[in-house]
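Since each chain comes alone in its own frame, lean on the hints to assemble the complex.
Here the protein sequences line up with chains A and B, keeping their order. For the first sequence, the working numbering assigns the number 1 to the initial residue and increments by one for each residue that follows. For the second sequence, the working numbering assigns the number 1 to the initial residue and increments by one for each residue that follows.
In short, the hints are calculated from the structure, not lab data. Fair warning: this is a prediction, and the values are worked out from it, not measured in the lab. Hints may be right or wrong, so weigh each one.
[Said to hold, decoys possible] Derived EDC-like pairs: lysine to aspartate or glutamate, alpha-carbon spacing no greater than 16 angstroms straight-line:
id : chain 1 : residue 1 : chain 2 : residue 2
1  : A       : Lys187    : B       : Glu11
2  : B       : Lys12     : A       : Glu56
3  : A       : Lys143    : B       : Asp256
4  : A       : Lys303    : B       : Glu108
5  : A       : Lys187    : B       : Glu15
6  : B       : Lys294    : B       : Asp170
[Claimed, not checked] Sample of chain B residues lacking proximity to chain A, with all beta carbon distances greater than 10 angstroms (derived):
id : residue
7  : Thr10
8  : Ala23
9  : Glu57
10 : Asp170
Note that beta-carbon positions come from the ideal geometry of N, C-alpha and C, so glycine has one too.
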Amino acid sequence: MADKTNARVLQQIRFLKAQDVVFFFVGLIVLCGAFLILITLILDMAQTGIPRLNQEFFFNFPSRFAARAGIYAAWVGSLCVVLVTALLAIPLGVATGVYLEEYASKGWISRIIELNILNLAGVPSIIYGIMALSLFVYQFGLKQSILTAGMTLGLLILPIIIVTTREAIRTIPNHIREASYALGATKWQTVSNHILPYSFGGIMTGVVIALSRAIGETAPLLAVGAVAFIAFLPTPPVMTEAPFVSFQWLMDSYTVLPIQMFNWISRPQEEFHVNAAAAGIVLLTMTLVLNTLAILIRYRFRKKYKW
Amino acid sequence: MKYKLKRQLTEKLIELLLFLAAASSVLITFFIVYTLVTEAFPFFKEVGLRDFLFETEWTPLFENAKYGIAALVSGTLLTTTIALCVALPFGVITAVFLSEYASARVREFTKPLLELLAAVPTVVYGYFAMLLVTPFLQKIFPDLSGFNALSAGLVMGIMIVPYVSSLSEDAMRAVPLSLREGSLALGASKFQTSFRVVIPSAFSGIASAFVLAISRAVGETMVVAIAAGLEPKFGFNPFGPTETLTAYIVQVSQGDLPQGSVGYRTIYVCGIVLLLFTLTFNIIGQTIRHRMEKKVK
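Just chain B, same shape as in the assembly (with noise of 0.2 angstroms):
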């Protein structure tokens, strides 16, 4: 009996505990919600919303502040449309070949390697980006200038390749065989079953895969810091410097920051609207997945 006892009071105890664990999961995005907001708040009301929006320079640490969002915003947009330029119809073209074309061996032996690809640490990227890709670049453009938007794009969006492609292969799969056999049955050839029949079935996922992608790209740091330049500009330049939400971030904390000065001030404010515009597409692309879930079962 006591045995009995003891063992129910073990078993109560560790799933207690497990459940203390899964629970502090929660208090992580609480904590981030949290901090941001009160580091954030004294910003607000120094500096009005009005301003905040319209204004189109970002120069927080100059005598004369400004404080545009839209400067930082348009850098972002930038560099993560030349991205999603190149992921999307790279990493959709990678998806149909290893999921209607390539065989079971040679899936066997890309898959790993797309996934190392994913696994390069991005200030590797970075480095390529600068240093490697925009002097070939410059020899294409001559009046490319040394920190550019557009390689850090270009190189961004091969890094995002693998991520496209792996979550819309997923999708594709998910498409039953018999939707497959019954198209080639009528007649129609490889190419027409993947893009008429295949594609359109899987269209849900493949969009949560472009949604997810923009998500990962507005997200993304190392590339953009190194190889965009830190000049906040609103405008949709690629041949020259721009600066990226989390660029200012890196830039900003990299000389001292005492606690409730501007500067601290300002790279909370970029952190959520970076949060914002992340959190949207995430959510977005979640919905899509979901749903198509639901509808393949």
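Pulled out of the complex, with its shape left as it was, chain A reads as follows (with noise of 0.2 angstroms):
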């Protein structure tokens, strides 16, 4: 009787710990299978891809002929409207994250901006595309520029500016603030030599990821009308008389990486989808290269203070 139980619970046990090896192997597979599958349809698109990838490929206009098409007006206007999206995001996140963790009281007006914010972070980029539309295209009439374009980025990618600031100046213990006050500074002394030098890091990760996603973003800007054929650069910023700076380029007709892509995958033809595969190989490159740059900020600022 006794040797029956015995050998009764002996099975459970040996079952149970056999499923969990088995339950291990499962959860190995599962987080291999997806990054294998995702690899392999990296390797697929390189393989297309690649052989475009000549310097002609980045230096010619868009073409009808598939062979002599380039991606010069994307990528010059990609950075172009990245680089308004940072003047616009950057500055009014971090100042908003500070204002709500050193600021803010905790009343119901920091109370209804929080929820405003959480709720913005969850709204399809597409709606903020067709928002942008109305107002800055047709409003405010600044037609598909590069500025209405890097506009409607800015306002995209603003509630990851700000989650990430908040987060990286949560991590600043409270004494930091309590001496810099013992000291008699004012509370504006206190963020601008204590509290966003050493959240610094913590920011830059969140600006980095977010201009990632701006540069990969295609939809909103498909709704306020870039288009892709694009046969000439932004007028250069910097001119040889004087005023010798220009902003004409701000209201220049534009095209980015992403819309290219996407331009190229719709047609029918197979020789544009290697160039389409080619683009997205830089396009993916450009992603990767800044979020491996934004893990790298957080490893070592991560090292550099230890309260």
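The following block contains the structure:
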């Protein structure tokens, strides 16, 4: 009798141990499986696209002939748009983050702002696009310009920057602030001399991730009416004559990498799909480099400050 | 004295500037709601709410225009459901593995990798869905059409796995260690502890991850615009082409779109419906999450 119960218990234990091992491998397979699928897809795209990556591809304008088409206007456009995005979103986002963490009292106003940011982060990007179409393109009369595109993406990534700024500031312990106040510093002196420098790493991580998101974003720019066939560059910002600086480029038409890629995917001819793959590789490399950079910044700063 | 006054003034001024920055985020929400409502309003004057809700065809740009939003909503639900069928099991298994089974070193290594996965631009996922996954699936289902909801949904599912897994893992890691120790001390295996102690305790967190993932999938645009085809159809056939709310907006805004035209109005109508869906799911998700955070404290 006792032997029988013993055997049953032993059997059960063996079963549970086996179950544990099996699940460990199921988890591992699922995890690796997700990566494997993605890596296979990327490799396949790379195989198609990489032979297209030569100097001409980077310095040719789009063309009706797939073999002659390039991404010159697209990557220059992407850089210009991201510049505008950064100039709008970084100051606004960091300022909002600082206000919410350091200044705001726990009243209903800050509660509303907080809730609002949470909800903004969940608004689909295409909604930002159609909002910008009505507001920037038609009401402000900015047309399909680099400025419109940059501002649209700026609003889109604002919640990301705000959230990461707040998280970065929150990791600074209170005794740092108290020490600063004890020495007679004002609130702004504390913020500018201590809070911002110490949270710089965290904020930069968020900024880089947000900008990489902006580079890859397609839908809102399609909605504001980006055109894929742009055979010229924006006006150079520097001139040889007075007044030497020109802001004309802000109002120029543009195209960006993801839009160019989308355009090539949508064409029926297979030669254009090769171009799309090549553009995809460039786009993927850009975002992966930026994200790796973000991860590196985070590690460095985590090591630098130990409270 | 003068110096003190000046300093106080600067302090106040800076605080005001920072407050204005923070308040401007509320302004964005206001503009979103304002533009959607004002641009879509004339549409509802022309088209009755009954036709809008109960008609099953969506052909606003044809001569015999029909405005049945159900066609686009069904497409959205179809691709979202397929995506969730992939993202939920994969996401939760990954989360359990990372939170309960994996060593700290594996976790340190995989978390950034999952973040990288989430950083791939959606247009690239669209390329995968249309030019790689669809041809592959056509080998298995020969009558699969070139544009179909299935491959768009599957790829979208893979796309949101990192999102589900990182939110669920956060919830599981918030479960106090003492609960696990108690369970293990009673002789439960790791598997039993994970599925009967940790997951039930983290349930609200995982549920909020699900709901937020739904909202993500509903709002996703590029994958469906590229791979799911652009044919608004009422029905739930995963093997055929379909069109989602988001894809419709992309399709229409690619053409010339003068302000006030029918096409122009309809994208704001779709925008409102889309925003209502995502907002509802977001608010549910956040409420669940908020409650969880309170409970853990």
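For each hint, the structure was consulted:
1. A:Lys187 - B:Glu11: Distance of about 7 angstroms is within 16 angstroms: holds.
2. B:Lys12 - A:Glu56: violated (55 angstroms)
3. A:Lys143 - B:Asp256: Given that 16 angstroms is the threshold and the Cα spacing comes to 13 angstroms, the pair holds.
4. A:Lys303 - B:Glu108: holds (15 angstroms)
5. A:Lys187 - B:Glu15: Cα-Cα ~9 angstroms, so holds.
6. B:Lys294 - B:Asp170: Holds, because 15 angstroms separates the two Cα atoms, which is no more than 16 angstroms.
7. Thr10: The claim breaks: B:Thr10 does not keep its Cβ more than 10 angstroms from every Cβ of chain A (closest is about 7 angstroms).
8. Ala23: The assertion about B:Ala23 is violated, with a minimum of 7 angstroms to chain A.
9. Glu57: holds (23 angstroms)
10. Asp170: Fine: 13 angstroms to the nearest Cβ keeps B:Asp170 off the interface.
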